[in-house]
Amino acid sequence: MTGITHDNGKRFDNASVTTPLEFDDLARLTVLGPDAIDVDLRLSDDSDSPAASLRLYTGGLRAPLSKILPIFDGLGIEVIEEHPYSVRLDNGAVGRVFGFDITLPDAARDHPGIGTEIAAAFSAIWAGQVESDRLNALVTEVGLSCRQVVVLRMYTHFLRQTPIGVTPGRIEQILRDNAETSAALVHLFEILHDPEHDPTTRGRRAEQATVELLEAIDAVRELDADRVLRTLLELINATLRTTFFVTDLTNADDNCVAVKLDSRSVGLLPQPRPHFETFVYSPRVEGAHLRLGSVARGGLRWSDRREDFRTEILGLVKAQAVKNSVIVPAGAKGGFVVKRPPAATGDAGADRDALHREGVECYRQFVSALLRLTDNLDRATGEVSPAPGIVRHDGDDSYLVVAADKGTATFSDIANAESVRHGFWLGDAFASGGSVGYDHKAMGITARGAWVSVTRHFRELGIDVDTDDITAVGIGDMSGDVFGNGMLCSPHVRLVAAFNHRHIFIDPDPDAAQSYTERRRLFDTPRSSWADYSPDLISRGGGVFDRSSKSVPLTPEIRAALDIAPNTQRLTPAELIRAILTAPVDLLWNGGIGTYAKSDTETHADVGDKSNDDVRVNASELRCRVVGEGGNLGFTQLARIDYSLAGGRINTDAVDNSAGVNCSDHEVNIKIVLDALVDDDKLSDTQRSNLLAAMTESVADLVLTDNHAHNELMGVARTESLALATTYRRLVTALENEAGLDRAVETLPTDKEIAKRIERTGIALTSPELCTVMAYTKLLIKSELLADDTIDDPHFDSMLSDYFPTRLSEGECAGAVAAAIAAHPLRREIVATQLANRIVDIAGITFVQRLREETGATTSDAARAFATVTELFDLHSIWRRIEISGHPTEVTDELVTEARRVIDRATRWLLTNRPQPLQISTSVRRFAPAIAELRANVPHWQQDYDRANVAERTADVLAGGARPDLVDDVYGLLDLFCLLDIVEIGHVTDDSRESIGEMYFLAKDRTQVSRVLMEVSGLRRDDQWNALARLALREELYASTRSLTIDILSTTDSATDVATRFVEWEQVNATRLQRSHSMLAKLDQRQSFDLATLSVAARYIRRMVSQAAQPLTSV
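Counted from 1, the sequence shown has number 101 at position 101 by the numbering used here; the numbering is strictly sequential.
Hints in this document: simulated from the structure, not taken from any laboratory. The C-beta atom is built at its ideal place from N, Cα and C for all residues, glycine as well. Each hint should be verified, as a subset may be incorrect.
[Claimed, not checked] Straight-line C-alpha distance at most 20 Å; calculated SDA-like pairs for lysine to any residue:
#, residue 1, residue 2
1, K406, R352
2, K1082, D1005
3, K339, L638
4, K67, H501
5, K67, S86
6, K550, T572
7, K610, A574
8, K756, R729
9, K339, A574
10, K756, L638
11, K682, P805
12, K339, S86
13, K441, E460
14, K610, H501
15, K752, R729
16, K339, T167
17, K756, A739
18, K441, R521
19, K610, Q687
20, K756, D1023
21, K610, G543
[Said to hold, decoys possible] Listed next, with one range per pair, are the computed distances between beta-carbon atoms:
#, residue 1, residue 2, range
22, T467, R1102, 54 to 64 Å
23, R204, E738, 35 to 45 Å
24, T806, L355, 38 to 48 Å
25, G427, T806, 16 to 26 Å
26, D956, H876, 23 to 33 Å
Just need the whole structure built from these sequences, with the hints factored in.
Shown next as structure tokens:
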């Protein structure tokens, strides 16, 4: 027989239990497990009384009042008296009963089933399934379920991540003070997102509910209450999707809710506002995932900034946007916080492991919530499957990829396991860098990419880091991916000092070879620290110091190496780190986490990295010559600009460390191709894994090629920034209008600020600013290419295949691979990205903007013309030869600038003289054979003036060590451009192309067109009208040359040689030509030329053309 015994020893068995309450206590206790609870609430028999009783049953758990009373308080319940007792059951377990006399809010009895709802809410709060706060009072005050209150709690927690300016406690009070409005907000949420609601009336009912809510909010008197309620309404209406009503979840996921927001429609959010934003909420974890496009990628980090993790992620996604300009997806970034870290036990190792386990579970739930919100894709058909249980207020959204970041470096397999569990179409391509993927640390890819930037900067200083020793200080340690791999990129790095979160390492006078070997040993030692560095290999006076020390003694050697005042005997660790950061070395290598340099005009609070406030320095204090940003956010953008204006060499973190995200992007897209082969039984899973591994270095080569292109582009951009200052100003304005660029957010100067800077420093835009403009330019070009059918031209198919390693297309599966690549779901995005990168990297940042201004062309027009010109003149080969030449940067920059002249002129020619839209294949067929046939003749057709001009222009690059054959080919491009005219003239005359070419160059020389063209190139282009005038003048001169050539050939005897025909033409037209010759002869008397002078000269050249000369027609 089951019975109970009071702790005082009195026993009650079934026979002695006589009251209904005792029977109920017994029944409830006997079924409870040891960790379980049960709750029963009974209202007073008096329907007008707020009194009630609540009984809490536990299977042995104690229930301290310190835990119980806050739950009651949050529910709006007043506790009058407690009646606890414990009993021992026949099975030996101790059951506990806690009886409470309570008072409910007056409105509680108005809500049917309130007793059940309160009991359910108490149980959920006790179990940690619902957070304990004052919002729970809405259960008793307006009859919301505790689950419905979660809707409001989720949005209010999102508000904590925004600049709303209202404290969390005040927000809770506002919702309680306006309880009916709060309930109406929940009702609107349910109308919009509950799948059970009638979809045919959803829109009308939501609109009506919104109107009623606005009326209610208008009646609110307090300004902060109005702001909070109005913003909550805005957030609910901006919610595109939610997992709140998804029911097929595991228990661990039940309390994790995600909402997808249209951030651009939420006025409270600071700029930049992402394209989409997902907020994930649960009592255990919160996080945000910000995406700058529907196809976007970026890392997920374990943040320690619970109060402002969205601010942290927003800063990261800004950098990611620039970084992702080189890859297919737009920028994205995510992060989560652990809200309930395990309590410390005093055992550091055990505590660390416990926190890691909690972080893993929070990460898993965060990722799972993102996946539940995302549509799926049938890989075989390409059809999108909407996310189950979700009402979608947006279009298809099936592309979601993530990557490792701070705190999640080893979590990719966890994310991919969730992807597989959810049946997500990307499988283990969802999170790059897992066990079946590319290990970034093993590849060293991020550091190698950043080292390309370092190499370029030092080349500009005349230093070869592969042969010349350089001194360095750094942020990080050798166990880290970016720091460790970076400090192994060259055996000539003399690392003077470095620090991480635990130690400070100082080697005042390192031996390059020995220190490199020791760094390699540490890198290869798992979990190494600076404390593991062999003391015998540290130079005299150096050492490894603990950052927790009160102070660090300074030796003469340390003072000398870091240039610290001789009378300074000791420094605190923070002071010593600041001395390291400002040391007079060649290189500052950032491979760590945190922001260590700011502008003089910024406060530490502006930076938003409180943990490093004590070590952060101003950029004006830096004395290093070069900065390599392997880590993210090491400098604020203002700090980079200040450092650059002071003569330092720096790009941005987005440019320097883009190789990591680029590698991940390649991994995802390669896996999509391979998965298609696996689905078709062309590959086994093992073969897929082996092939991925075999392509590791091929992928690295593709990625690093992009880094090289970036840095060569930026190098030239720095040299031409001043000359193109007004063009850049107009480009930035265009990016503001068309690409969503915000000068203030991106720290770009206004037009007036640029003008003042030029007067003060002679600098228009700094390298960090140019990096931002470059990225936005690529993103705009890419988006506009995706908006029409240009990239569907078969001419660009090679760009799709070029994106993938050649090894992928080798072997017996070559045909299947080609088919899979052609059917790639991101085919258009890959081509658009490749083409945008190629246009900007080769033709320059301002190329498309200038072409649009000068010809009225669209971006797609520019892309077609660019593709045609690079094909006709074999420019890819020219660029490759420049890249591998090994010449000094000033030489390669000159060669690139010269080669771009033919791109500028030939694209304008094609857009002006050929039918539009330009057909690439047709144009190539029309011109390529003739150019290939005639290009060898051009040097022989050149006349004395052109030869002398080329000799003068090439003197400096030849003196700088450039290869003569490369110089000849690059500086000969401008004359090859004339072959376009020559081919077209061939369609209106009967003369051979050889005769046409010879006559064209002869006429250009004898009529002084060559001379005037050279002087036109020297005209000002400091505003748009001067630039357009130069262009018009140049086009007029080339048009006159065409017409002169046609005139001469059509009026002279084709049986005679070209020189004789020209003389005959001059004699026949001597009277008409005399005046022009006389006027043009006066050019020799001038020392300088302006637009007016050259315009008059061009007019007199045009007058040489016979009235009967045939016009050039395009066919």
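Checked hints:
no.: 1; hint: K406 with R352; result: 16 Å, holds
no.: 2; hint: K1082 with D1005; result: 16 Å, holds
no.: 3; hint: K339 with L638; result: 33 Å, violated
no.: 4; hint: K67 with H501; result: 37 Å, violated
no.: 5; hint: K67 with S86; result: 18 Å, holds
no.: 6; hint: K550 with T572; result: 6 Å, holds
no.: 7; hint: K610 with A574; result: 14 Å, holds
no.: 8; hint: K756 with R729; result: 13 Å, holds
no.: 9; hint: K339 with A574; result: 30 Å, violated
no.: 10; hint: K756 with L638; result: 17 Å, holds
no.: 11; hint: K682 with P805; result: 19 Å, holds
no.: 12; hint: K339 with S86; result: 33 Å, violated
no.: 13; hint: K441 with E460; result: 29 Å, violated
no.: 14; hint: K610 with H501; result: 14 Å, holds
no.: 15; hint: K752 with R729; result: 10 Å, holds
no.: 16; hint: K339 with T167; result: 19 Å, holds
no.: 17; hint: K756 with A739; result: 26 Å, violated
no.: 18; hint: K441 with R521; result: 15 Å, holds
no.: 19; hint: K610 with Q687; result: 48 Å, violated
no.: 20; hint: K756 with D1023; result: 16 Å, holds
no.: 21; hint: K610 with G543; result: 28 Å, violated
no.: 22; hint: T467 with R1102: 54 to 64 Å; result: 56 Å, holds
no.: 23; hint: R204 with E738: 35 to 45 Å; result: 36 Å, holds
no.: 24; hint: T806 with L355: 38 to 48 Å; result: 45 Å, holds
no.: 25; hint: G427 with T806: 16 to 26 Å; result: 25 Å, holds
no.: 26; hint: D956 with H876: 23 to 33 Å; result: 26 Å, holds
In summary, the structure is inconsistent with hints 3, 4, 9, 12, 13, 17, 19, 21 from the numbered list given earlier, while agreeing with the others.
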